[in-house]
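Trainee: So the sequence lines, in the order shown, correspond to chains A and B.
Quick note: the first sequence uses my numbering, first residue 1, plus one each step.
Quick note: the second sequence uses my numbering, first residue 1001, plus one each step.
Be aware that a few hints might be false.
[Claimed, not checked] Derived pair list, reagent style BS3-like, types lysine-lysine, alpha-carbon separation capped at 30 angstroms:
#, chain 1, residue 1, chain 2, residue 2
1, A, 180, B, 1261
2, A, 209, A, 180
3, A, 305, A, 48
4, B, 1203, A, 180
Bear in mind the hints are in silico, worked out from the structure with no lab data behind them.
Chain residues, written in single-letter form:
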Amino acid sequence: MAIKPEAQSKVSLERHGLTDEQLVAIFRTMLMQRTLENRGFQLNRQGKIPFASASEGHEAVQAGAAMAFERGKDILVPYYRDLGLALGIGLTPYEVLLSLFARAADHSAGRQFPHHYASRRLGLHTISSIIAAQLPHAVGAAFALHYRGEAGRTVLTTFGDGATSEGEWHESVNFAAVHKLPIVFLCENNEWAISTPLSKQMGQPDVVKRAEGYGLPGAAVDGMDPVACYAAVGAAMQRARSGRGPTLVEAKCYRFLSHTTDDDDRTYRSPDEVRARRKDDPVPCFERLLVEYAVLSAEQVEALKRGVLEETNDATDRAEAMAYPDAADLYEKVYAEGWEPWTL
Amino acid sequence: MAVVSSANSTVMNNVEAVRATLYEAMKNDERTVILGEDVGARGNVFLITKDFIGEFGERRVIDTPIAEASIVGIAVGMAMEGLRPIAEIQFADFIYPSFNQIVGEAAKIRYRSNGEYTCPLVIRTPYGGGVRGALSHSVSIEALFYHVPGLKIVAPSFPDDVKGLLNAAIDDPDPVLFLEHKKTYRLIKGEVPDGHYTIPLGKANVRKAGTQLTVVSYGLYLHWALEAAQRLQEENLSVEVIDLRSIRPMDKTAILNSVEKTRKLLIVHEDNKFGGIGAEISAMVAEEALFSLDSPIRRLCGPDVPSMGYALPLEEEFMSSPAEMADAMRAMVKF
């Protein structure tokens, strides 16, 4: 997970209307995602938590997409690899650590795997581990917005390339296209579904080509470029908010780590492949770009990293000190209150 | 369609009761939407939602693509964002593609988000045989979902219960699977009180009082069990028939009260015997009231084959009958 910014930036800084502050906010979200993810793996290796999952390589698409999300208005229906997206729309590092430590104060009260958030405050839907199960929910949520005539609001739903093989993915995109619903389907194509490469997932490598078949516009974007992702997702969300219907956006990124702490990617892909792809690592690439274009000085970058680490350390300490749920909580929230928890 | 039989109630059959209740729900609450295959222009294959689309519009009466997983899944998303969807699976036999959305999602939304999100959703579907429905228009599916905490399952048999329980299902804050026996749709008529009312989910109903045997049933077989019990009445044998109405939650109190009185229990259902509703009721009574029993518990259930057949002998062999039920009841009373 060491970051070695050796190669030259491959893109110039195209701002797409973003201010310096917004660019720095994107970068800080990316740093926070990577730091928190590192923390999850560290805590697992220290034996403090049983499990953590990985999103390293998804920082650009997630922080960029989050910048296009209007807090308090839009609805996010994500999957479980969306740590940066959740942070970018307002989830706090403390909430992330509560999830990692499975504490009572976690959104699911310690029931769910890490990174399976649920927050009405943030417009963040409850997350499933079942691949593509969230797609119909996102479409239903978009239908509700459309039905109530809530112009100016949209749903953003996200998934990996593997999810596009599921029937529910196709059913959902199709339904949204039929009803021209306010929704953006964002594919974070990282080329790997645990151990299964894209070549075994699809007959051709471009998810975005499926859009035409369903009758909605598609846009492909470099998922390692946060500003390009902001622009592509932002345009799609603006289109949805103004009543012009759904869009499929495919962001091509890469999964640098194993699927989770329980996976070992050396069993199915070569370390050389992963090393070669590190030249596109979005965190150091974007850092270089911001420094090159004098959005940030090297000192400011270091200060940002220090701040992110301190915040992560503080959140870790605070969350670790919190209590586990009571065993009796196992029986809560099966049904609405007032229902007997019958024990057949 | 329905005839007014008194100032306060209307005689209707089960399909009319479903229709009238859905109509009332659509009239009373703009958050209510109906989605499913052929529910719009066709008005549902049993004409339950006939003319709804004209009155309530395409946005509220939604002809979906043929995609059962997303019929339920989209309804889950609607429910999480403030609508009150009523999803229809055209025939219960078609519900399998939506299994994950019902079991893995709808039933767990409240639990996995610690109540942050909820899923007030009704899934209606016609089930059951005796209609020459063959492998894919005859099945009973309740046992497949019976095992799942977070779900409620309702299977009314009489029109007044259809209305009261469907209203309760629509009002319920959690997902409810609402099973309608299609053979009873037009076969069973009864008085239905006018106006809005609900019947609590999880409450059985003693449809016939008796002293020598408790019979627990639901669906078409409940009607046949009542018919059989009536025959036994003519032989001076007294059978109590409990209409389960809600399959889950199970009304343990009603079953145990009756068994304590009659000391014998027969469970009758159309669904396969192995691992069915009867197995759970048997186990519950064995755990709670074994020493009240004067005879072994018996189950008269569908045979453990994949389905009834299309050919008449294959359907008749699968289905029980009032005569077979009467024989089983007689044998138990005389045990």
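Trainee: Confirm or reject each hint.
Mentor: Going down the list of hints, with the structure as the test:
With a C-alpha separation of about 61 angstroms, the suggested pair residue 180 of chain A and residue 1261 of chain B falls outside the 30 angstroms cut-off, and the hint is violated. For the proposed pair residue 209 of chain A and residue 180 of chain A, the alpha carbon gap of about 18 angstroms is at most 30 angstroms, so the pair holds. With a C-alpha separation of about 24 angstroms, the suggested pair residue 305 of chain A and residue 48 of chain A falls inside the 30 angstroms cut-off, and the hint holds. Among the hinted pairs, residue 1203 of chain B with residue 180 of chain A is inconsistent with the structure: their alpha-carbon atoms are about 43 angstroms apart, more than 30 angstroms.
The structure fails hints 1 and 4 (numbered hints given earlier, in ascending order).
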